[in-house]
Amino acid sequence: MEENKKSIDGGDKFVFPVIQEQPSCGCGGNAAPANASAIPGLDQSFIMGSIATPAGPLPRVSSQLTRKDHWGTIKTRLGAGRMNYAIDPGLYALGDPADQSPVLVTANYKLSFDYLRRELAGINAWILVLDTRGINVWCAAGKGTFGTKELIDRIETSGLKNVVSHRKIILPQLGAPGVAAHLIKQFTGFKVHYGPVRSEDLPAYLDAGLKATKEMRIVTFPLKERVVLIPIELIATAKPFILISIALIILAGLLGRSGFQTGVFNNGLFAVSALFLAILGGTVLIPLLLPYLFGRAFSVKGLFVGLVIAVGLIYLRGMDLQIWPGKMEALSWLLMIPAISAYLAMNFTGASTYTSLSGVKKEMRFALPLEIGGVILGLVTWITSLIIAWEL
Amino acid sequence: MGSMVYLKNVATLGIDTSKCTGCGMCLDVCPHNVFKMNGKAVMIVDRDACMECGACSKNCPAGALQVQSGVGCAAAVINGMLGRNGGECCCGPQTDGTDSVKSGGACCS
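Chains as they are written, first to last, in the working numbering: chain A, 5 to 396; chain B, 732 to 840.
Take the hints with a grain of salt, since some may be wrong.
What the hints assert, rightly or not - Once the Cα atoms are required to be at most 25 angstroms apart in a straight line, the calculated DSS-like pairs of lysine-lysine come out as:
1) 215/A <-> 739/B
2) 767/B <-> 218/A
3) 771/B <-> 228/A
4) 195/A <-> 767/B
5) 366/A <-> 739/B
6) 215/A <-> 243/A
7) 79/A <-> 243/A
8) 189/A <-> 771/B
9) 739/B <-> 189/A
10) 215/A <-> 767/B
11) 195/A <-> 739/B
12) 165/A <-> 750/B
13) 165/A <-> 189/A
14) 215/A <-> 165/A
15) 750/B <-> 365/A
16) 739/B <-> 331/A
What the hints assert, rightly or not - Under 8 angstroms between C-beta atoms, here's a sample of chain A residues computed to sit facing chain B:
17) 181
18) 185
19) 222
20) 300
21) 359
22) 366
23) 369
24) 370
Derived from the structure by calculation, the hints contain no laboratory data. Built from N, CA and C at the ideal position, the CB exists for glycine as well.
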């Protein structure tokens, strides 16, 4: 114990002997050095004064979120400033904590920090914020930035040992992929207690003497959590949507049988609507209907959503399936829309809470070639349908 | 609630029961209720529910659990194939100094 402690105190070049860095997803691996100053800034917008501690004056926060906090949450959910919504790492006081108060550990993504303190109304606690470079606990744990080494360092630099008299810290359960609890105990003396998955269960967990029920330990993916992801999924497709739409409109115009303008109106606008609906299928319907859709693989779910959309569109447009141009146009959308929806649905695996990397790789091996093939073949068929329409 | 089960027979989770001390840490950290205590050692009861997050193997003091952990995110796999963004998920700052690029998936919101 003493030896370990010395080696950590010994210098900033301490290389952790046991921990392997997560090989995949090493997000922001060398973006910024850990915050040099140990005490978080008192001038951050959400700080309400300070509290005197043996580690110096520490910033105090409230469990009441302000209008500014809420506005930040909304902007973040819409994708604005989402990558730069970080707070200073270090130790914060929630309410009026004392040396016996519980210590809760979280990430320095402000949304995570806000969701945590919001659930702790009337509770006095210390919040130890790790430097995860503004990434939430779950993702940062997967990347290893919410990790054993960072936690050991942060316990040392924050002065936590002098601020509390006990040696217990509560980590969110979803931080466990990054932190080896037994090594924290070994190197710092602090015993890690994994709290519930959801911060809303924290008061009950604390009341029960750091005991979580089985339900508190299980990750779910309810409608509410899926819905908040829709805006960002949709916004992410905006740029490709605009670029592809322009290309489709120009193509439809150039291949128009009776002039550019008629081509744009007859086929271009329909193509853009079809693309838009395919995107809605993959980014809105998939999150909404996820548990109810056929198939386990996300791309299969997306495929069926796309097929329904394509059949509906063909019906609504009243395509003449007796003649070749009509047949080919129908076929082109039956290929392209499901392929696009399937691709976008597949990308939603990253947002879901239950897909494994092995599963995603297996799914992608069959789905990705089909999706790319479907789009290419569909596009060729669509162009052909426009060209053969000239002959009629 | 319909089914929220991913593909069958893919998870790489494995246990060496002879090393297991029965401390129960994996029962605490597993977010999908994959384990059950079976006498003095833990057993895997629902391998298909495993999302390979790696929490159990990381927190197993006895080194009895192995899993090839990673993030089940298609955007990350695609980024990896294209050699983009260090094969990362959609999130986080770019490490090459350019502005952050959102490239599909909202795994990190």
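(message) For a C-alpha distance cap of 25 angstroms, please report whether residue 215/A and residue 243/A respect it.
(response) Roughly 47 angstroms between the alpha carbons, so the hint for residue 215/A and residue 243/A is violated.
(request) Against chain B, run the beta carbon of residue 222/A and see if the smallest gap drops under 8 angstroms. (result) Check passed: Cβ of residue 222/A comes within 6 angstroms of chain B, closer than 8 angstroms.
(message) Does residue 331/A sit within 25 angstroms of residue 739/B, going by the straight-line distance between their CA atoms?
(response) violated (38 angstroms)
(request) Could you check if residue 300/A really has its C-beta closer than 8 angstroms to a C-beta on chain B? (result) With a closest approach of 5 angstroms, the residue 300/A hint holds.
(request) Under 8 angstroms, Cβ to Cβ, is where residue 185/A needs to be relative to chain B, so tell me if that hint holds or is violated. (result) holds (5 angstroms)
(message) Checking one constraint from the list: CA of residue 165/A to CA of residue 189/A, max 25 angstroms. Satisfied?
(response) holds (13 angstroms)
(request) Classify the hint on residue 366/A as holds or violated, based on whether any CB of chain B lies nearer than 8 angstroms to its CB. (result) holds (5 angstroms)
(message) Holds or violated: residue 195/A and residue 767/B, Cα atoms, limit 25 angstroms.
(response) Distance ~23 angstroms between residue 195/A and residue 767/B Cα, so the pair holds.
(message) Can you confirm whether the C-alpha distance between residue 767/B and residue 218/A stays at or below 25 angstroms?
(response) Cα-Cα ~12 angstroms, so holds.
(message) Check whether the Cα positions of residue 366/A and residue 739/B lie no farther apart than 25 angstroms.
(response) OK: residue 366/A and residue 739/B at ~10 angstroms, within 25 angstroms.
(message) Check whether the Cα positions of residue 189/A and residue 771/B lie no farther apart than 25 angstroms.
(response) holds (23 angstroms)
(request) Hold the hint about residue 359/A up to the distance rule: shortest CB distance to chain B must be less than 8 angstroms. (result) With a closest approach of 4 angstroms, the residue 359/A hint holds.
Hints 1, 3, 6, 9, 11, 12, 15, 16, 23, 24 from the earlier list are contradicted by this structure; the remaining hints agree with it.
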